[in-house]
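*Asks:* Sequence:
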Amino acid sequence: MARTLSNMMPLGTQAPTFTLPDTISGNVVSLAELKSDKATVIMFICNHCPFVKHVDEGIVTLVNEYKERGVAFIAISSNNVENYPQDAPDLMKVEAERVGYDFPYVYDESQEIAKAYDAACTPDFYVFDGEMRCVYRGQLDDSRPGNGKPVTGMDMRNALDEVLVGKAVSAPQVPSMGCNIKWKD
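Heads up, the sequence shown is in the numbering used here, so the first residue is 933 and it goes up one at a time.
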């Protein structure tokens, strides 16, 4: 488990577009059809990462609270499934159902989308405003496996609360930490 930090996409960056297969619905979906005119959260996650497993319930809680407020959530897995078969699309659907993901969990087989977002780790979080400009990138909160801090989603909550009322994100943006994305050779 390599501890890797987010690369921290520059604020104001326009969200790179994509069209990818959603492992839950079986449909091919695009960012254009999934995004919200209020705020959109894009998460790079995977099935096997202990950092993702640590925050899974917190993600589900956050999604359940903020979807009601018009925020769209999309999870992307970009791991090389040849070397990490537990992250394969059919198992992504199983994991999504087990955990209770109520949002698209798309598969980036080419890894081009992860590269476009400059994603580095799982989990890696991005918040885009209604114009699809990056207003937050970094951690869900400061809880990590074994550090004894509760998963609260505080950093993401603060960012989303400000975006939803039209304010700039004022809190410091701390890189996420997790397992590195499993790149193809």
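Keep in mind the hints are simulated off the structure, nothing from the lab.
The reader is advised that the hints may include incorrect statements.
Within a straight-line C-alpha distance of at most 25 angstroms, the following computed DSS-like cross-link-like pairs (lysine-lysine) qualify [to be verified]:
#1 Lys1114 - Lys1047
#2 Lys1047 - Lys1081
#3 Lys1081 - Lys1025
#4 Lys1047 - Lys967
#5 Lys1114 - Lys985
#6 Lys1025 - Lys1047
#7 Lys1099 - Lys967
#8 Lys970 - Lys999
#9 Lys985 - Lys1081
#10 Lys999 - Lys985
#11 Lys1047 - Lys1116
#12 Lys985 - Lys1116
#13 Lys1099 - Lys970
#14 Lys1099 - Lys1047
As the structure is a computational prediction, the values presented were derived from the model and not from experiment.
*Asks:* Hint by hint, where does the structure go against what was stated? Just the numbers, ascending.
*Replies:* Per hint list: 2, 3, 14 violated.
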